[in-house]
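Participant: Sequence:
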Amino acid sequence: MYMEILSRDPGDVDALKCALFAKMRRAEWGGALGFARRLREAEPGEVEWRLMEALLHELKGDLAEAERLFNEVLAEKPLLVRALHGLALCMHKRSEGPTVFEMLEKALQLAISEERVPEERNIKLLIAQMHVVKGQLDVASEKLQNLINEDPRDFRPHLCQGIVYALLDKKEEADELFDTYRSLVPDEFPDKSFISDVIQAARVESKDRLQKDFGSEFLSKK
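Going by my numbering, the sequence shown opens with residue 1, and the numbers climb by one from there.
One thing to keep in mind: the hints can contain errors.
Said to hold, decoys possible - When the alpha-carbon atoms are kept at most 20 Å apart in a straight line, the in silico PhoX-like pairs for lysine-lysine are as follows: (1) 106 / 124; (2) 23 / 60; (3) 23 / 77; (4) 60 / 93; (5) 77 / 106; (6) 134 / 124; (7) 93 / 134.
Simulated from the structure, these hints should not be mistaken for lab results.
None of these values were measured; they are calculated from a predicted model.
All chains, please: the whole structure from these sequences, using the hints.
Facilitator: Dropping the structure here:
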């Protein structure tokens, strides 16, 4: 039906969204990219479509173009965590080594200097998660524990620390943290069902599989 609408009105935003998400559900990244570009043209002030375009380039394996687009967004919104996350993953996939953490540390210092407390905490969490992606579990665990100590009511570091413990085969400690996460996460949290799947994976899947999923999917669900 949305294709019929687009045949009559190629700029219909709702129909373009339907087409985009239909392509993404089928993992047709090239086709999805075309609709993301059309949405960007239709709503040039909407950062969502710029991020989507960058993400789709990453999924297609065009990491250089994805980096360029994420950097383009960050030039205007240097503390946008979704763009920082996307750029960090691209840099990791391109084996850019310590420059990933240099980039994130620069953003963290900017958040601190501007007293942007929510962004500061989000970037700290992202740094910890990138240590997980790189297999630096002890470093990640220490950073996550610091975040838990700073704000025990934030469910996110409890969840991430539970995943780290699962990767370290500390099942009892992981289960305790998952229970804490469940007691804190709001019922209306949009990705609650997805995270339940992540927790189940942490209990039964291999380390390599879970670590891969943590980087490629979980980080994007903040």
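Participant: What are the numbers of the hints the structure violates, in ascending order?
Facilitator: 3
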